[in-house]
Amino acid sequence: MADPELFELSIAEAGRKLRDGTVTSAALTEDALARIAAVDPKLNSFITVTSDRARADAAAADAAFAEGIDKGPMQGVPYALKDIYDTAGIRSTCHSKLRVDHVPAVDSVVETKFKAQGAVLLGKLATHEFALGGPSFDLPFPPARNPWNYAHIPGGSSSGSGAAVAAGLVRMAMGSDTGGSIRGPAAYCGTIGLKPTYGLVSRRGVFPLSTTLDHCGPLSWTVEDCAITLQTIAGYDALDPASVDIPIPNYLDGLDRGVEGLRIGLPRHFFAKAEDVSPEVIAAIDRAVATLTKLGADVEEITLPDYDLFNACGRIIMYAEAYAIHEQDFQTRPLDFGLLTYLRMTLGAFVTATDLHQAMRLRRELSHAVNLKFKTYDALITASALVPAPAFADLPRDAPPTMPVQTMPFNITGNPAMSIPTGFSSSGLPLSMQIVGRAFDEKTVLRIGAAFAGATGLSKRRPALVS
Amino acid sequence: MPETPDEAALALEFNVLAKRAGLNIPEDRKAVLFEGFKDLRRMSALMRQPRSAADEPAPTFSILSVTRGL
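Chain order of the listed sequences is A and B.
Residue numbering for the first sequence follows the numbering used here, starting at 1 and increasing by one per position.
Residue numbering for the second sequence follows the numbering used here, starting at 1 and increasing by one per position.
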C-alpha cells in the first residue's frame with residue numbers, strides 16, 4: 001500500500017506542501033496511482049486510469065514549480081472526471097456500449113480549466129449509463145461500489161466520483177447533477193458534493209442528460225477543497241446557452257467566518273413526513289440543527305410546497321429532455337442501452353408537449369416559492385438522502401430502483417445546494433443533509449458547510465476499505 | 001384534474017404513444033415499462049392544478065443566450 005499519509009492531504013494542504021517544496025506532484029501522483037491499483041479492483045470507481053497522462057502532468061507541474069511558475073491552486077494536484085466529461089484524445093464512454101470507443105477531439109470546458117492550472121488528470125470515473133440508468137450489471141464496465149461497505153451502492157449517477165473521493169483515491173472528482181447525481185453519491189459516500197447555481201459552471205463538452213436541469217460540480221473530502229475547485233471551474237462561457245455572465249467572487253474569502261447571525265430555514269416536512277425515511281437521518285439533521293444553533297445561527301422551521309410536486313415536475317422535464325437527446329438511438333438500436341437506462345429513459349417518449357409545458361409552468365411556481373424564502377433566510381437545510389446507502393442485493397435488477405433522495409427541488413429552481421455529512425448510521429454508513437443558498441450565493445453555502453464540518457470533525461473518519 | 005383512466009384505457013394509450021414514438025418495445029419489457037408509464041401519468045395528473053393564462057413557464061430564455069455565441 002502506498003504512503004498512508006499523502007492521500008489524506010486536502011487540496012489546500014497539498015498545495016501548501018507543493019509550494020514549500022516538502023512534496024512533489026510526482027509523489028502525490030504516484031501515491032494516487034498506487035492506491036488506485038490497490039483499492040479500485042474492488043471499488044470499480046475508475047473506467048479509465050490515465051497513468052501516462054498523469055505522470056506527464058505531474059512532471060510538468062513540478063517543472064513549473066521549480067521555475068517559479070504558479071498557475072493556480074490546482075497546479076500539481078491530482079483530480080478525476082466523471083466519464084461524461086469530454087477529454088481530448090481520451091475515451092469518454094458515458095459508461096455505455098453506445099459510446100464505448102468514443103474518443104473526443106476537444107476537451108470539455110471544465111477540463112480546459114484544470115489543464116490551464118496544471119492539474120493532474122488521474123482518469124475517468126464510473127457513472128450510471130448516460131448519467132441515468134444504474135446501478136447496472138449489463139454495461140461494458142461494472143458499477144462502482146461504496147467504499148464504506150462494498151455490498152452497498154455509492155449512489156448515482158456520479159457513482160465513481162463519490163466512491164473514489166471517499167476511498168481517498170483522489171481529493172476531488174467532478175460529477176454532474178440533474179436530479180441529485182452529485183449530492184446523492186456525496187450523501188451515500190460521506191463526501192462533500194456541490195451542485196452550483198445553474199449557469200455558473202459551463203456544461204459544454206459534458207454529455208447532457210436533461211439540458212435545463214444539468215449542472216456540473218465537484219465532490220471533495222473537504223468544504224475548502226470544494227471552494228478551491230469551484231474557483232477553478234466557475235465562469236462565463238458564451239457557447240453554453242445557460243451560462244450566466246456575472247462576476248466570480250473569491251470563494252475562499254470568508255469561508256471561516258462562521259454562521260453567527262445567519263438565518264436558516266428548515267423545510268422539515270420535506271423529509272420528516274416522507275415515506276420510508278430513516279429515523280437516523282431525521283435524528284442526524286436534528287443534531288445538525290442543534291450544532292448550527294450552538295454556533296450562532298437562527299434555524300427556523302418553514303413550509304415549502306409538497307415535495308411530490310417538485311419530484312413530478314423534475315421527472316417529467318428530465319424524461320422528456322433525456323429522451324429527446326437519445327430519440328434516434330431509441331428508434332434504431334434501443335437494445336444497446338442497458339436495461340435500466342432503457343426502462344427509465346423510454347418514459348420520455350410518453351410525455352406529451354402539454355405535459356412538458358405544464359411542468360415548466362409549475363417549475364416557475366416552485367422556483368418562486370423557494371426563492372421567496374430567501375427574502376427571509378440566508379440558506380435552507382434539508383435532507384439529501386432519506387436512508388443510508390442501500391445494498392445492491394436490496395435493489396431490483398430488472399426494474400429501475402427508486403432512489404430515496406430529495407435533491408430534485410434545487411435542480412428545478414437552479415439554486416446552489418451542497419450535500420454534507422451529518423454522521424453515521426448504526427450500520428456504519430454515512431448520513432447527510434443539504435445546505436441550499438440563494439442563486440449564485442455559493443459563498444454562504446460553503447461558509448455554513450465549513451462551520452458545520454469544523455464543528456463536527458466528521459471528515460477525520462475514513463472508510464476502512466474492508467470487504 | 002381529469003379522471004384517471006382505467007387499466008385498459010391506459011394500456012391502449014401506452015401502446016398508441018409507443019407506436020407514435022416509433023418504439024418497438026420487447027414483450028419481456030412491456031410490463032415493467034407499463035408500470036413506469038402509470039407512474040408518469042400519476043405525476044402528470046398531479047401537476048394539473050388551477051393556473052391562470054398569465055402563468056408562464058420557466059425558465060424563460062433570453063434571445064441573447066441564443067445569439068451571443070454567433
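I should point out that these hints are in silico values taken from the structure, not numbers from a laboratory.
In this text, all values refer to a predicted model and were calculated from it rather than measured experimentally.
In this text, a Cβ means the ideal position worked out from N, Cα and C, and glycines have one as well.
Where hints are given, some of them may not hold.
[To be verified] Derived, one-sided and incomplete: chain B residues facing chain A with beta-carbon distance under 7 Å:
# : residue
1 : Pro5
2 : Ala9
3 : Leu12
4 : Val16
5 : Ala21
6 : Phe34
7 : Leu40
8 : Ser44
9 : Met47
[What the hints assert, rightly or not] Straight-line C-alpha distance at most 25 Å; calculated BS3-like pairs for lysine-lysine:
#  : chain 1 : residue 1 : chain 2 : residue 2
10 : A       : Lys115    : A       : Lys42
11 : A       : Lys71     : A       : Lys115
12 : A       : Lys460    : A       : Lys294
13 : A       : Lys97     : B       : Lys38
14 : A       : Lys375    : A       : Lys294
15 : A       : Lys273    : B       : Lys30
Of the numbered hints stated previously, which ones are contradicted by the structure, given in increasing order?
-> Per hint list: 1, 2, 3, 4, 6, 10, 13 and 15 violated.
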